[in-house]
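Trainee: Protein chains in written order, with the numbering used here: chain X, 1 to 507; chain C, 1001 to 1235.
It is worth saying that the hints were derived from the structure and are not from the lab. Even glycine gets a Cβ: it sits at the ideal position worked out from N, Cα and C. Be a bit skeptical, because a hint or two may be false.
As the list claims (entries may be wrong) - Listed next, the stretches of chain C that the computed footprint assigns to chain X, with coverage defined by at least 3 CB atoms under 8 Å from CB atoms of chain X:
(1) 1095 to 1108
(2) 1142 to 1148
Stated by the list, open to error - Straight-line C-alpha distance at most 27 Å; calculated DSS-like pairs for lysine-lysine:
(3) X:K496 - X:K470
(4) X:K496 - X:K321
(5) X:K18 - X:K62
(6) X:K62 - X:K24
(7) C:K1107 - X:K68
(8) X:K18 - C:K1197
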Amino acid sequence: MSNEIVMPKLSDTMEEGKILRWLKHPGDAVHHGDALAEVETDKADMVMEAFDEGVLAEIRLKEGETAKVGTVIAILRPAGAGAEASAPNGGGSVEPKPAEVVSAETKEPEEATAIPSSGPRLAPIRAAGAARKRRGAEANGENRPPRSTPRAIGRSEAADEEPAEPAKGTIAGKVEPPPPEFHPALSAVRSAGPTAIPAPPARDLTVATPVSDVPAPSGEAGKLRASPLARRAAEEAGIDIAHIRGSGPDGRITKRDVDNFIREQQLFKFRRLIAPREGMPGTREELSKMRKTIAHRMAQSKREIPHFYVTVEVDMEEAVKLKRSLEATELFEEDITYNDIIVKATALALSRYTRMNASYEDDGIVIYPHINIGMAVAVEDGLIVPVIHECEHLTLPEIARAAHRLVNKAAHGGFTSEDLSGATFTISNMGMLNVEHFAAVIVPPQAGILAVSAIKDRPVVRNGQLAIGKTMMMTVACDHRIIDGVVGARFLNEVKRFLENPASLLV
Amino acid sequence: MDPARILRVAWMGVVDYAAALELQNALVAARTRDAVGDILLLLEHPHVYTLGRGADERFITRPTPEIPIHRVSRGGQVTYHGPGQLVGYPIIRLEGVERDVLRYLRKLEAAIIASLGRLGIEAARRAGMTGVWVGPRKIASIGVGIRRWTTLHGFALNVATDLAYFDAIVPCGIAGCQMTSIAREGRPDATVIDVAKLAAGAFAEEFGYSATEIVAADRLWSLLESAGGGCEARK
Chain X
1 MSNEIVMPKL SDTMEEGKIL RWLKHPGDAV HHGDALAEVE TDKADMVMEA FDEGVLAEIR
61 LKEGETAKVG TVIAILRPAG AGAEASAPNG GGSVEPKPAE VVSAETKEPE EATAIPSSGP
121 RLAPIRAAGA ARKRRGAEAN GENRPPRSTP RAIGRSEAAD EEPAEPAKGT IAGKVEPPPP
181 EFHPALSAVR SAGPTAIPAP PARDLTVATP VSDVPAPSGE AGKLRASPLA RRAAEEAGID
241 IAHIRGSGPD GRITKRDVDN FIREQQLFKF RRLIAPREGM PGTREELSKM RKTIAHRMAQ
301 SKREIPHFYV TVEVDMEEAV KLKRSLEATE LFEEDITYND IIVKATALAL SRYTRMNASY
361 EDDGIVIYPH INIGMAVAVE DGLIVPVIHE CEHLTLPEIA RAAHRLVNKA AHGGFTSEDL
421 SGATFTISNM GMLNVEHFAA VIVPPQAGIL AVSAIKDRPV VRNGQLAIGK TMMMTVACDH
481 RIIDGVVGAR FLNEVKRFLE NPASLLV
Chain C
1001 MDPARILRVA WMGVVDYAAA LELQNALVAA RTRDAVGDIL LLLEHPHVYT LGRGADERFI
1061 TRPTPEIPIH RVSRGGQVTY HGPGQLVGYP IIRLEGVERD VLRYLRKLEA AIIASLGRLG
1121 IEAARRAGMT GVWVGPRKIA SIGVGIRRWT TLHGFALNVA TDLAYFDAIV PCGIAGCQMT
1181 SIAREGRPDA TVIDVAKLAA GAFAEEFGYS ATEIVAADRL WSLLESAGGG CEARK
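With the hints as extra help, turn the sequences into a complete structure.
Mentor: Following this line, the structure appears as structure tokens:
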């Protein structure tokens, strides 16, 4: 007695469907709930799921072919003598089914899901009324199938949890051997379903309870030192329990250890998935610790430090040539970046204009003994300011090496507190962001910050002739309590002079 | 419908296609076991061409080595995603009379048409050609997957998309199909985020949600965490 599998009616208005892919092939064993084929109608792609047991005997509609709803597309033959498809929970062949189906989904999440194929025995897909009646019956406790037993659970390999209550969702339809008129895919019609509240913790406990009630198969449990609950959770999540460290007595692995392990894995995965983002309008988000620090310090800066700004345009023609010739000759081991060149020029200027390398403090000026230049670096939702210490002693390649080391740490972590503290002056370089010009906010208690913009082709006058040159805008913000415009302007012009005569930077 | 149907809406920013697919699969798995509620993901993709399961690769007439191609388990032919295009992935469970694939497609179209209406753009369906059209020009593409009556994939609405990228393909397998965008249809001022807001509202209305809840993207993982581990009780 073979069963015909027909093109399912996925919509009231659906007339025909196309087989995109057969997920089972002639000769394959088919269990209830297995993904049989992907069916396409219009712009939708659905996975057709088996709800009968047997062996796929024949495929009548090939991949890429289209057939009218109700057309026989495949034939399912019963697997063997005792394998009655709708056998209730007693039959050994029935019990493991949910596990297999669920694991199929885990391995191939794109494919394994389910719409039922309309077999001849069953009601058409739209028989929602029947399903609702069915659900009502379940709610009343009639025909309630047994909960998953430890044995079935033990066979499960998937992350999907089997629902505790049979009425929970489509999966329940597989846990439960369907009576003839019952359509598994419709068992999910449950009014409580879509209220969109994340899984209440109680559910997990509900699932767990029946298991923990059952004595563990003692030998096995002793060897692995894990509670049956933990073992089950790990198996469901597809995790080798050997990877989990136990926190219980004698290193026994508890369900909580497994949960924590899963949580950490998911946390890691999702942090990665949701990389750069913008907030959705109309939402409030709590600030991260870093964001809070930035908020407080920048507000303090603008509240307490009277900023004034000076801007110059720097002809970078020579610096560009220098960088290229250093690249060509490989004079230094380190690649020299524009940022390194700017740090070096700034350090030289700071050594001549010491008030720029100072702090206002209780009606006094503290001049720092060293020139420690911080470089603002953007990180996810914030910035950090790694510091190159004692720049007054460093040559250009030494600065490059120090910067390179810090960039590596920024990418891979591993900053020490020294790397991030002690700056006496800061450079914010947005050259790579293609900005014309910007001004930065001083990092307290420093006296100034240099904002560096992109090098661009701009008209320049050379020897009274208009030409196209490579220029860069630079703006310094100064603390007016200790620096006046003249000093700020002279300092900035000194930086400009070094950049326009970069041979001096090699000394 | 249940009076307390809530749609969670997450604005994800720019998300790589493969990562978004992974996220969708995780959400679908969680949704089918009822561990999370209905969620609408709204995002932009970096440049990518995608082919539906049944699509013919020849529809990418001029492949560009820099732009990746993904074959995905949704219906439909080839399409392009990229900056300036709002992509919406509803991960919702269809219930009762909503368990009708074509009805779902029509309602997606209706939601997009309503969003465009709020921008003063008159859009419509075209018989036998799933998607949303402004006159003969296509402004939104639709391709969905349905798994245990839970939806994935969804729609791509051109806001300020560089339409030149469609020139390298035969969009949706329709030769001579002309694409358009919200910018081209007279609203160059609309941003992807503006349109995301409109689309979230229109979607919730069309699908009969009583409320929407905006979820910060980085809260999604905690939803899934509670779905997977069930360790919420101890937090």
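Trainee: Would you mind confirming whether the straight-line C-alpha gap from K496 (chain X) to K470 (chain X) stays at or under 27 Å?
Mentor: holds (14 Å)
Trainee: Would the pair K1107 (chain C) and K68 (chain X) pass a check requiring their Cα atoms to be no farther apart than 27 Å?
Mentor: holds (24 Å)
Trainee: Are K496 (chain X) and K321 (chain X) close enough, with their CA atoms no more than 27 Å apart?
Mentor: Roughly 16 Å between the alpha carbons, so the hint for K496 (chain X) and K321 (chain X) holds.
Trainee: Confirm or reject the coverage of the region 1095 to 1108 of chain C by chain X under the rule of 3 or more residues with a beta carbon closer than 8 Å to the chain's beta carbons.
Mentor: It holds, with 10 qualifying residues against the three required.
Trainee: Check, residue by residue, whether the region 1142 to 1148 of chain C contains three or more positions whose beta-carbon lies closer than 8 Å to a beta-carbon of chain X, and give the verdict.
Mentor: holds (count 7)
Trainee: Is the hinted pair K18 (chain X) and K1197 (chain C) satisfied, with a Cα-Cα distance of at most 27 Å?
Mentor: Judged against 27 Å, a Cα distance of about 35 Å means the pair is violated.
Trainee: Are the Cα positions of K18 (chain X) and K62 (chain X) separated by 27 Å at most?
Mentor: Cα-Cα ~9 Å, so holds.
Trainee: Check whether the Cα positions of K62 (chain X) and K24 (chain X) lie no farther apart than 27 Å.
Mentor: holds (12 Å)
In the structure shown, a violation is registered for the earlier hint numbered 8 alone.
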